[in-house]
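Peer 1: Here's the letter readout for the chains.
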Amino acid sequence: MQALYAQLLVGLINGSFYALLSLGLAVIFGMLNIINFAHGALYMMGAFVAYFLLNLGGINYWWALLLAPIIVGIFGMILERTMLQWLTGLDHLYGLLLTFGIALIVQGVFQNYFGSSGMPYAIPDQLKGGMNLGFMFLPVYRGWVVIFSLVVCIATWFLIEKTRLGAYLRAATENPTLVRAFGINVPRMITLTYGLGVGLAALAGVLSAPINQVRPLMGADLIIVVFAVVVIGGMGSIMGSIITGFALGVIEGLTKYFYPEASNTVVFVLMVLVLLVKPTGLTGRAA
Amino acid sequence: MTALTDDTVPMTPRAMRDEMIVFAVMALLLASVPFTGVYPFFVMQALCFALLACAFNLLIGYGGLLSFGHAMFMGTAGYCSAHALKVWALPPELGILVGIAAAFGLSLITGFISIRRQGIYFSMITLALSQLLYFIYLQAPFTHGEDGIQGIPQGHMFGVLDLSKPTVLYYVVLVGFLAGFLLIYRIINSPFGEVLKSIRENEPRAISLGYRTDQYKFLAFVLSGTLAGFAGALKVFVAQNASLTDVHWTMSGEVVLMTLVGGLGTIFGPVVGAFAIIAMQQYLAGFGQWVTVIQGSIFVICVLTFRRGVVGEVAHYFRRSL
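Residue numbers (our numbering), protein chains in the order written: chain U, 825 to 1111; chain Y, 169 to 490.
Hint data in this document are derived by calculation from the structure and do not stem from the laboratory. Careful: at least some of the hints might be erroneous.
To be verified - Going by beta-carbon spacing under 7 Å, a handful of chain U positions derived as facing chain Y:
| no. | residue |
| --- | --- |
| 1 | 935 |
| 2 | 1051 |
| 3 | 1052 |
To be verified - Covered stretches of chain Y, going by a simulated chain U footprint (3 or more residues, C-beta under 8 Å):
| no. | stretch |
| --- | --- |
| 4 | 282-291 |
| 5 | 418-429 |
| 6 | 448-460 |
| 7 | 471-483 |
Ideal Cβ placement from N, Cα and C applies to all residues, glycine included.
With the sequences and hints as input, model every part of the structure.
Peer 2: Written out as structure tokens, the structure reads:
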């Protein structure tokens, strides 16, 4: 049973990353109509910024948790201003191709300087050790990742669904021209939205740094799984992305316990099944 | 939404004549390669990728469907051909057929699944399916995992053509490429191809005119996947191995890049793009990961400033379709 709980926890942690990343993809897609292929690379950048902050600047994990998303978010906003915004009005596919190119550049540069091997990032002192829950041993850091991600996801949901800013955002997604007519600076909102989505990816990167090592290709394979998550959940709903992300992480964890050979492929197989049964994805709107 | 290609030049006898002239020049140039001292292995490799890119272009350039998993057809056909040649000891022509049949079967299944969604979702689904297949091949015993299938015998095609001789192999690959190219050219200019283009331009209108667009897209997908498989089967004889690299998503990305550089929706673009990218990899092989960075930069530059690609720009300048 211990092993089952351990795999469930791993599943929940992976689910946290899926949720944070697919949430960011959904927010970006809503505003920019772009599938951000660079999301995995920016997730990796988040982990690397945390690594640099610690090793070059002596800035600890807690500050990295705040600073890395801001730094990567600003980098993302520069990308949006200098490149992505020129794609407005073109076919969606160009956005995918452009961000794929950006992902190759970012990953290639990091690979040049850091190779393909991983670098360790220590767990902060406050979160070291573990708790005995009676039925299992829970490493504190892992519990923290799950709870913190959940809080961030729900905060993002609240921001978009319940606040005035979120209302503007949703309105601009539906009809940007009309929202501009009300005097709202939609291009700036688009830039900020991209920064927000990218920041979420970077945050996931920082969270994962102490668990998985900091590697240049850490986001490359992850992003493809997240794409499958997005196809399953659909990008129409924020809450849908969060729930699908966590659920698929848990299912993957269970597969690792019951049938480890399929743990790499289970998310893709589920995607195929969902497409066969309900082609529009679980949360429904057709693309 | 603006269409992918903005120059829809109507098919006139003159355009057809232009294209046949360019085709003849290309065929002559390629046929004279063994007499020029150019390294034939490089050209053969480029020809295989050119056919793959042409097959990919059939789907994106004429059907508007961006597949981000086209390496799976090449890789699958490669593995199956290699297995048939090495383990079953089949002659080359049957080995190629096994590869094509495998790609055909795979494209039936993956087409059925991925055609259910459109646009951006279609790309993500094809990418995810190819990753699924990558993990299956990583674990399946017959692919020999990380090692791949190596030392594949080239054999005698039809019992007479000794494929271990570079010149013979070169002409076999060239004939295969030209046949595949002409088939794609025929498909594009058939009534089926015209319907496909109309779906790319305006799918709702095509539906309202009574076309069952899903069936057209499915057929285009199967044709494209099968032809990509043909390219993969030919590549087995050139590289004499079949490995995981051929099914990895980076390979799918390279195919997209070749077509983008040459020109999406142009007839000769993918060929030009494939030669350019393969040549670049050849010359920059010593620069390690900077090749990835350069490829990424080409993506960015093409999308931002050069969306018609090399051949597309030339065609646009002369107001022809090429």
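Peer 1: Are the hints correct? Go through all of them and say.
Peer 2: So, going through the hints one by one against the coordinates:
1. Using the Cβ-Cβ criterion of 7 Å, the hint placing residue 935 of chain U at the interface with chain Y is satisfied: the shortest such distance is roughly 4 Å.
2. The beta carbon of residue 1051 of chain U is positioned within 7 Å of a beta carbon in chain Y (closest approach about 4 Å), and the interface hint is therefore held.
3. At a threshold of 7 Å, the smallest CB-CB gap from residue 1052 of chain U to chain Y is about 4 Å, leaving the interface hint in force.
4. Check on the stretch 282-291 of chain Y: 8 of its residues sit with their Cβ under 8 Å from a Cβ of chain U, so the three-residue criterion for coverage holds.
5. Counting residues of the stretch 418-429 of chain Y whose CB falls under 8 Å from any CB of chain U gives 3; the rule of at least 3 is met.
6. Coverage of a stretch by a chain is defined here by at least three residues with a beta carbon nearer than 8 Å to that chain's beta carbons; for the stretch 448-460 of chain Y and chain U the count is 5, and the condition holds.
7. Three residues within the 8 Å Cβ limit are the bar, and the stretch 471-483 of chain Y against chain U gives 3, so the coverage statement holds.
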